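Trainee: As a plain string of letters, each chain reads:
Number of protein chains: 2
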Amino acid sequence: MPIKLDYNNMLAPRLKDGRGIDPTRLAGLSDRFREIHTDVERRRETGELGFFALPYATDVVEAIEQFAEGPGQAFSNLVVLGIGGSALGTVALRTALLDPFWNELDEEGRDFYPRLYVVDNPDPSTFSALLRRIDVRTTLFNVVSKSGGTAETMSQLLVVREKLEEMIGDGYRRHLLFTTDPEAGVLRKLSREEDIAALSVPPKVGGRFSVLSAVGLLPAAMAGIPIGSLLEGAQAMDTRCRTDELTENPAGLYAALQYLADTELSAPIHVMMPYSDPLRDVADWFRQLWAESLGKAESLSGAEGHVGPTPVKALGATDQHSQVQLYIEGPFDKTITFLIERERSEDVEIPRIYSEIPELGYLGGHSLAELLRIEKEATEAALTERGRMNMTIELPNVDAHSIGELLFLLQVATVYAGALYDVDPLNQPGVELGKQLTYAIMGRPGFEEARREWEKREAKKEEWMA
Amino acid sequence: MPIKLDYNNMLAPRLKDGRGIDPTRLAGLSDRFREIHTDVERRRETGELGFFALPYATDVVEAIEQFAEGPGQAFSNLVVLGIGGSALGTVALRTALLDPFWNELDEEGRDFYPRLYVVDNPDPSTFSALLRRIDVRTTLFNVVSKSGGTAETMSQLLVVREKLEEMIGDGYRRHLLFTTDPEAGVLRKLSREEDIAALSVPPKVGGRFSVLSAVGLLPAAMAGIPIGSLLEGAQAMDTRCRTDELTENPAGLYAALQYLADTELSAPIHVMMPYSDPLRDVADWFRQLWAESLGKAESLSGAEGHVGPTPVKALGATDQHSQVQLYIEGPFDKTITFLIERERSEDVEIPRIYSEIPELGYLGGHSLAELLRIEKEATEAALTERGRMNMTIELPNVDAHSIGELLFLLQVATVYAGALYDVDPLNQPGVELGKQLTYAIMGRPGFEEARREWEKREAKKEEWMA
Chain A
1 MPIKLDYNNM LAPRLKDGRG IDPTRLAGLS DRFREIHTDV ERRRETGELG FFALPYATDV
61 VEAIEQFAEG PGQAFSNLVV LGIGGSALGT VALRTALLDP FWNELDEEGR DFYPRLYVVD
121 NPDPSTFSAL LRRIDVRTTL FNVVSKSGGT AETMSQLLVV REKLEEMIGD GYRRHLLFTT
181 DPEAGVLRKL SREEDIAALS VPPKVGGRFS VLSAVGLLPA AMAGIPIGSL LEGAQAMDTR
241 CRTDELTENP AGLYAALQYL ADTELSAPIH VMMPYSDPLR DVADWFRQLW AESLGKAESL
301 SGAEGHVGPT PVKALGATDQ HSQVQLYIEG PFDKTITFLI ERERSEDVEI PRIYSEIPEL
361 GYLGGHSLAE LLRIEKEATE AALTERGRMN MTIELPNVDA HSIGELLFLL QVATVYAGAL
421 YDVDPLNQPG VELGKQLTYA IMGRPGFEEA RREWEKREAK KEEWMA
Chain B
1 MPIKLDYNNM LAPRLKDGRG IDPTRLAGLS DRFREIHTDV ERRRETGELG FFALPYATDV
61 VEAIEQFAEG PGQAFSNLVV LGIGGSALGT VALRTALLDP FWNELDEEGR DFYPRLYVVD
121 NPDPSTFSAL LRRIDVRTTL FNVVSKSGGT AETMSQLLVV REKLEEMIGD GYRRHLLFTT
181 DPEAGVLRKL SREEDIAALS VPPKVGGRFS VLSAVGLLPA AMAGIPIGSL LEGAQAMDTR
241 CRTDELTENP AGLYAALQYL ADTELSAPIH VMMPYSDPLR DVADWFRQLW AESLGKAESL
301 SGAEGHVGPT PVKALGATDQ HSQVQLYIEG PFDKTITFLI ERERSEDVEI PRIYSEIPEL
361 GYLGGHSLAE LLRIEKEATE AALTERGRMN MTIELPNVDA HSIGELLFLL QVATVYAGAL
421 YDVDPLNQPG VELGKQLTYA IMGRPGFEEA RREWEKREAK KEEWMA
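In order, the protein sequences belong to chains A and B. Just so you know, the first sequence maps onto residues 1 to 466 in this note's numbering. Just so you know, the second sequence maps onto residues 1 to 466 in this note's numbering.
Honestly, the hints are just simulated from the structure, not real lab data. All values derive from a computational prediction rather than experimental measurement. Careful, some of the hints might be misleading.
Which copy? The list can't say, so a pair holds if one copy fits it or any two copies do.
As the list claims (entries may be wrong) - Using 30 angstroms as the maximum straight-line C-alpha spacing, the simulated DSSO-like pairs for lysine-lysine come out as follows:
| id | residue 1 | residue 2 |
| --- | --- | --- |
| 1 | K204 | K461 |
| 2 | K460 | K4 |
| 3 | K460 | K189 |
| 4 | K189 | K204 |
| 5 | K163 | K456 |
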């Protein structure tokens, strides 16, 4: 059963007061989508859009499974050191496909797979606590950085490298595994010089499109997730997205609807709201994909634009008690994308007790899965009744196959959306200035001039502090 | 050392191209703020704004500490069942003040305090896993619902109630602790009838303003957090907010700046971005406070408005690799509030190894706390250089006192902001429709008519699915 996109409630005929998208405007994008699709297919063929090849890289799956089932079995802990696209996909897979209390379970509870820590932020409180928590002698550190130059991840590597050598001397190298560029960068260099195992991120696959490369697959495989099924799911979605018929291409529809909502109906805030704990971090992963790909100062032709919707993650039913008041009554500046599971892998029956008490009695005989589904339907109906655009992506259930489908859907949608917004979805020029300044303040050689500029900067006014 | 608000970079003289708030516009709010302040003081005296009294409720602290140090000591697990305001404050306290791997630590690692689970979402996957994970015979379930009618929490209670009785018979009552209204509601009724311990949420304290009541204090005390210090911090901030001089009142300034940014400079997206893992869930707690209090369809006079900024939580340095591209290059529709700690309680030195490699050598000799501070300064400078409004709330460090200050600051700011937006910050009328529909679909007595309406609704069009 494939993933289904239900976009009825994005459209004016379904929304109160006709506030949604006019279906003829959507139909009006058909020809443009055909051109976009042709261009994307062309760039796929040239290899420029490298992530399209990932679902078919079965050799990578084999190599990773060999490692996971061989040398990987020696470890009780896997610590992923990486940030942004090197971490978010792995977290999404972990939350979706592992027990929510995975790291608290004993070896048997984890089927003897290792604990899985993803440490993206170089926060000293977290890192100190981690080093107290784990025994590095039974830990594999998977250091993930495509460039090998990420300051946060490299700092963590240095700390861990020293600690490992202190504890186990020359054997430290067997506790490191790099995931990086196949040729370039300092991690590749260290891997060669110190005989440290390394996996590759294909050159034309950027961080936020890398979840189905070794970046996400190695940690997933180490934790027992069937990574072959992830790729099969992605293949299935890829097949559905080969059509240039907008109304039949789920990724095209998703991109077009969000684009029209933003640019024609002034709804630039795109909320993704799973009614499912397992899917919650897919919404966090999507935040990077959507924000970093579409938030751009310049169009492809170089015109100043400052475009880009703001992705927001939410969670049902939790955020009914936090954000839904704003979504229902606030400005008409949002779209809501619900993610739901048709079948839950587990359910909990609500017992028929206290049936004489009105506030409790009606609950018995239902289940938690039913309650969550009903709450989603009620919230959806309330939003629609108040003229708030919303749509639903329904997964048949949460397993590796459907997660592969979902992640691939959203990646392809992002590429189409880039074309609609007329921006390059693969770059991120805006973060350069901050990086340069960090190097300057840290005293990296070659940044002396910027450092002097920094030191000369004006003091802030005390009058504007409290 | 008190909390400091640095708002230089919200103002036009500091921002590139003069894009910020004109300081004369801020000064122009002084008189209006004086009126607002007078009215808030009045409503505080009448008891209408009940949360103002919480920092002074030392009797509550005593009662809670007695429980925590007495009967509370018998438990290895504390499970909080509550949602929205019944959960978010407790999560913020836990993340700020406990070890990040708290629930993974053994008894000694936790100083013999219990594990702390906050289960807000009634998700069947999470709840099944929780019931497998914990031994209910050593668990206290703190059921938190002011009204006692929250469907999600009551469903969880029924499941747990049955499970407890199965396992330990009549002793189940000693494993339940309710936090609810002192008089009304079904939890209070059960507490009386079945002799189950219960704490009170004062009647004039709504969920999102309840973190410093028994709602947040009981779980905090059970985990060893010095709750007296939390309240002292709140008292210190309260004292600072007694002035009606806008430029000296940090909560007044915070509210006024965000209000002006939204209504005069079209920046309705208010990002809160701690550069600190411990502070990350303060930003999540703030999401509810800001969204539910300010997102309203009607003004106090009943005029249709549809106002309300959209709070967004982010995390530094992590989101430099996810959201900052959009913040720097996208639309000028945001403000960023950084949260930072001047002194970190722990730090990790980056060793001086690989000093001959340019990508690594400059890192050695710094520490992770320094790296994070420098990255914040670099991001702040880059945003400012690109004309993006930002401000910084600096905590001297993260401890119970400063967290009390910070939470109170943001609560008072929310009340002031409600007055500026001319809305009632204490209600949430927009979520009623969804609740009614949930009752109807679940078959609660008294909702038969709504149920029939629901069943008659039009089927969605298949043509708008893919």
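Trainee: Now look at each hint and say whether the structure bears it out.
Mentor: Hints versus structure:
In this assembly of identical chains, the alpha carbons of K204 and K461 never lie at most 30 angstroms apart, being 46 angstroms within a copy and 40 angstroms across copies at closest. Taking the shortest Cα distances, K460 and K4 sit within 30 angstroms of each other only across copies (13 angstroms), while inside one copy they are farther apart (53 angstroms). Taking CA atoms no more than 30 angstroms apart as the test, K460 paired with K189 passes in neither setting, with 43 angstroms inside one copy and 57 angstroms between copies. Taking the closest pair of Cα atoms, K189 and K204 come within 30 angstroms of each other only inside a single copy of the chain (20 angstroms); across copies the shortest separation is 63 angstroms, beyond that limit.
Within a single copy, K163 and K456 get their C-alpha atoms no closer than 38 angstroms, and across copies no closer than 66 angstroms, so neither meets the 30 angstroms cut-off.
Figure legend: structure checked against the earlier numbered hints; hints not met, in rising order: 1, 3 and 5.
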